[in-house]
Structure formats: C-alpha cells, structure tokens
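S.K.: Here is how the chains run, residue by residue.
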Amino acid sequence: MTMLPLRELCGYRAGDKGDIANVALFADDDETYELLLREVTPERVKAHFGSMVGGSVTRYEARNVLALNFVMHGALGGGGPRSLRSDNLGKTLGGSLVRLEIDAPAALAGRRRPRPDVSWADEILRG
Amino acid sequence: MTVKIAGGQGFYGDTPASVGPLIDAGVDYLCLEALAELTLAILQKDRQRDESRGYTRDLPRYLAAALPAIADGKTKVITNAGGINPTAAARAAIDAAREHGVHGLKVATVLGDDLMTRLTDLRAAGASLAHADTGTSFDEFPGPPLFASAYLGARPIVDALRQGADIVITGRVADAALFLAPCVFEHGWSFDDWDRLAAGTLVGHLLECSGQAAGGNFSGRWWDLPRPWDLPYPIADVEADGTAVITKPAGSGGRVDFDTVRHQLLYEVHDPAAYVSPDVVADFTSATFADLGDDRVRVTDVRGRPATDSYKMLLAHHAGWSGEARVAFSWPDAYEKAKATAAIFKRRVEMAALPVQEWCLEYWGVDALGGPTSPRPSVTCEPPECGLRVAWRCDDPKIAALVGRELVPLSLSGPAAGLTGMGRGMGGGSPSELLGIWPTLVDKSLVDAHVTVALEEVSA
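Residue numbers (the numbering used here), protein chains in the order written: chain W, 1 to 127; chain Y, 128 to 587.
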C-alpha cells in the first residue's frame with residue numbers, strides 16, 4: 001500500500017446551501033470508485049477539515065456517475081451573506097478535500113492525473 | 128416532438144452575451160435563472176434603498192437580445208428575475224419591449240412566493256417556521272425578517288404558458304422549475320407523472336448554472352477546452368418520454384461531455400437519491416448518462432417519487448456589519464510578520480475601545496482558503512510571500528469603519544519590516560451589512576391559494 005492524495009485519483013466540485021457546503025468527488029473508473037468508497041469515509045473528511053467544518057459530515061453515493069457527495073454542516077462561517085470568509089460560498093473546498101491522502105494499492109502508486117498545460121495562456125499574456 | 132430549452136443565465140451578474148448563440152441555435156425556451164440565496168439578500172438591500180427595486184436589473188439587457196425572436200413567436204422567455212419584486216420586473220420587461228418597438232407580447236407575472244406580509248397568518252395557521260437545518264424555533268428568530276420567500280414550483284409558470292404568455296416573470300421559484308415548466312406545458316405531462324417530472328427537474332438542474340454544464344468550474348481537463356474565453360451556455364433537447372440530450376450551440380467553445388455533465392449533476396446537491404423540489408422528489412442516482420460524442424450527452428431512466436407537502440422557504444435577518452483590510456509581506460519570514468501584524472492590529476483595536484464581535488484572519492499564500500487542510504509553514508516550507516486579510520464584524524457600522532484605521536499606522540509604526548498595502552485602500556472601504564439566512568418549510572396549502580398569475584399585453 002502507498003499513500004496517494006485524492007488529487008491523483010478523482011475530480012471534484014463544491015457548492016453551498018446556507019451554512020452547508022457539499023463537495024462531490026468523481027472517479028474515472030469502477031476500481032477507483034470502490035477505493036474511494038472504502039477510504040474516504042465521512043469521519044476522515046470531517047477530521048481533514050478540522051475547525052473549518054463545525055457540524056457533521058454525511059456521505060452520499062451516486063454510483064451511476066462514479067461520484068461520492070460529502071455534505072458538510074456548519075462549513076461556511078454562517079452562510080454566504082453572513083460569513084466573514086473570503087470564500088464565503090465554499091467554492092474552493094473541492095481543492096482542499098483532494099489534498100487528503102489515502103492508502104492506495106501498489107498498482108496505483110505511480111498514478112497521476114494530468115497536470116494543466118496552459119501554454120495558450122502564456123501566449124495570450126505575452127501579447 | 129422535441130422541446131429545445133436553454134439555460135441563458137446562471138446568476139445575477141452573468142453575461143447577456145450568452146443569449147445570441149442560444150437564439151441562433153433555435154431554442155424554444157430561454158430560461159434565465161437569476162437568483163441565488165445571496166441574491167435575495169442583495170435585492171433586499173436594493174429594495175430598502177428604493178421601493179421600486181428588488182429585481183435583477185440586468186433583465187432588460189437579456190430581453191434586448193431575445194426580443195426579435197420572441198416577437199417572431201420563435202422563443203419564449205421564463206425567468207425568476209422578479210426576485211422580491213416581480214411586478215417591477217414585469218414593468219421593466221414591458222418597457223424594454225416598447226423601447227424595441229415590439230408590441231402585442233404577453234408578459235405574465237407570477238405572484239405569491241413573497242410571504243413577508245403573511246408571516247403572522249402563517250404562524251396562526253400552524254406553520255412552525257423552525258430553522259430547517261438547526262431546528263431552532265422561530266420564536267428565536269433574530270430581529271425582524273427582511274424577506275420571506277417560498278420556493279414555488281412549475282405549476283404557476285405552466286398556467287402562464289397556457290394563458291399564452293411570451294415572457295414569464297417570477298419571484299422565488301425553485302431554479303429547476305423554470306426549466307421543468309416548458310417540458311410539462313409542451314409535452315402535456317401531468318403533475319403526478321413523477322418520473323417525467325423528475326426527468327425535467329434533472330434537466331433543469333443541469334442547465335440552471337449556465338456555463339457550469341459546458342466546462343465552467345470544471346476539475347477535469349479544463350485547460351483543454353476549446354476557446355475557454357467564450358464558454359457556451361447549455362441547451363437540452365427534451366423528448367415527450369423525458370429523454371433529454373444536453374448539448375451546446377454548434378461551433379461554440381467549451382465542451383459538453385459525461386465529465387462536464389456529472390460535475391453539474393451534484394452541484395449544490397445534498398442527497399442525490401432524493402433531490403427535493405417543489406414538484407417532485409427526483410432520484411438523480413437512477414439516471415443513465417450516455418456520451419454520444421460531439422458535445423451531446425443523453426440522459427434517460429430518471430425516476431421520481433411524489434412531491435412533499437411543503438415548500439422550502441427562505442427568510443433573512445440583519446446580522447451586523449463587516450469591515451476588512453489587507454496588507455502583505457515578502458520573504459523572509461512573511462508568515463510570521465503577517466501573524467504578528469494581525470495580533471498587533473487586534474491589540475490596537477482593543478486599546479481604541481472598539482468592540483468587535485467576530486474576527487476572521489486569513490493568511491494568503493499560506494492557508495487562507497485551505498485552513499487546516501493546508502501544509503503548515505516551516506523552515507523547509509516557507510511561503511515566498513504572505514498576504515494578510517483581516518475581516519471583522521461589529522454591531523455598529525460606524526465602529527466597523529473605525530476598526531480598519533487602526534491598521535494604517537502600522538505601515539510605519541509596526542515592527543515587521545516591509546509591510547505593503549495590496550493595491551489601494553489599506554484601511555478597507557465602507558462597511559457592508561451582513562445578513563443571516565433562515566431556511567424553513569411551509570405547508571403548500573398555506574401558500575398555493577395566494578399564488579396568482581397576472582397577464583399583461585404590451586400595447587403600442
């Protein structure tokens with residue numbers, strides 16, 4: 001077994017409702033989905049976010065799209081219009097979640113999701 | 128028969144430039160979703176300043192691009208741009224039509240979602256209005272409510288379409304209902320055909336956040352999207368059996384594929400097997416997605432269960448005043464300098480006897496966004512620079528404004544070397560009002576009898 005950050009294993013999207021944030025994780029195949037199901041428990045997600053999430057974390061499964069959805073209560077400093085945080089809508093919480101490292105089978109040890117190639121941006125910015 | 132529906136707006140502040148390509152694609156319905164939870168709060172502040180406001184005022188700019196197609200009978204517009212003042216929004220729509228020389232259109236206004244003047248009645252009729260997330264009793268509601276809106280469903284919009292409306296303006300309706308309504312109307316779905324209602328609701332959910340279905344806010348290969356500066360807004364071709372194909376205007380940038388669509392499927396969703404809308408409880412986990420290639424994703428097999436007896440309702444209350452200020456430090460010891468400056472600032476605010484109810488300290492470049500999930504700075508992990516953002520909450524707006532001034536003298540008289548502002552205005556601008564939101568449930572029977580549709584024809 002080897003430790004691998006979720007960043008190498010799945011995609012993510014975060015959203016808000018009141019003081020509740022949700023982060024969905026998206027696996028690319030069944031094997032990775034099963035791994036996430038086993039390793040990324042709501043308890044681990046709650047511990048990972050520490051003081052950022054005041055309330056409970058619930059996990060929902062959407063196997064049809066190989067996704068897990070984490071619903072985190074008390075996660076936005078009181079909710080959008082009340083929060084003092086810069087990220088008052090929790091838009092960046094997906095990136096924060098995929099920092100979490102999990103035990104992955106050796107076969108996945110070298111696994112990396114592709115890194116962005118933004119050479120087109122360099123071209124525009126040079127102009 | 129296929130109904131072609133487009134999501135032309137995802138929030139108040141989105142771009143009306145989306146409309147042209149969608150109209151050119153021949154959409155039957157242009158749905159404009161303008162309201163987030165935060166938006167009602169913004170509109171409430173707007174209405175406090177001017178009673179004739181309280182709707183999203185970019186509506187005429189959206190309509191300007193769509194009016195020729197509306198006048199030709201090719202496209203209808205459905206929007207919740209009415210916010211907390213749909214009547215004023217309808218007035219603006221009618222004015223916009225006249226300005227463009229378009230007459231004879233029918234503009235419908237859906238009323239009855241605004242429950243501000245009915246709160247006492249609702250309570251007397253047995254509505255508890257307890258906080259839906261915390262269970263807190265309404266007796267402990269902090270201060271007078273600033274708005275109180277129920278999330279209506281598709282029914283009144285369908286009524287408006289049956290009466291021949293070309294433009295339907297609502298206040299707070301559930302986002303997906305804007306898109307479900309034309310499916311129900313065109314395909315003659317009944318309001319107890321749960322699977323069909325679930326399919327239309329899922330389609331609405333996929334379209335309601337504009338570019339997010341076509342590669343916006345996307346964690347997949349976002350850097351690979353064609354023409355990313357011109358992301359298209361999504362279109363759904365919906366069949367009578369509820370089958371839908373999610374796509375985008377031909378020749379546009381961005382991408383619609385399985386990955387972009389599933390990202391949107393779970394956006395702001397709690398239990399995906401029970402997506403509770405006013406019209407149906409949709410099971411998003413029952414759906415089958417097929418990537419057909421060429422920016423087409425087919426959705427089938429969506430199942431639904433009977434709708435609940437209640438509407439979601441959102442109230443807001445005043446929650447104090449906030450101010451904020453930003454400074455920054457370069458290497459070396461940037462994080463330590465920022466932390467020391469935050470502490471000195473707090474102490475100076477105490478010395479000035481300015482009462483602060485809550486502080487929020489953010490160290491940009493260290494953990495401002497990631498909080499405890501970020502690696503801790505150390506000798507081997509020293510940030511090259513660090514921005515300090517301090518935000519505070521005060522009961523009194525005058526105090527909130529004074530707090531920031533205690534930071535400014537530290538540019539010469541703070542011990543940490545090399546403090547700089549971040550652009551102009553080190554001490555922060557004028558304070559903003561904070562609003563607390565209070566989600567609750569209200570029995571449908573207490574709301575429905577008051578929901579009305581007003582129709583007005585645009586005269587010359």
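It should be emphasised that the hints constitute simulated quantities derived from the structure, not laboratory data.
Honestly, I wouldn't trust all of these hints.
Stated by the list, open to error - In silico contact screen, one side only, chain W against chain Y (beta carbon under 7 Å); selected entries: (1) G15; (2) L37; (3) T41; (4) A62; (5) L125.
Every residue, glycine too, gets a C-beta built ideally from N, C-alpha and C.
S.K.: Determine for every hint whether it applies to the structure shown.
M.R.: How the hints compare with the structure:
no.: 1; hint: G15; result: holds, 4 Å
no.: 2; hint: L37; result: violated, 14 Å
no.: 3; hint: T41; result: violated, 16 Å
no.: 4; hint: A62; result: holds, 5 Å
no.: 5; hint: L125; result: violated, 13 Å
The structure fails to meet hints 2, 3, 5 from the earlier list, while all remaining hints are met.
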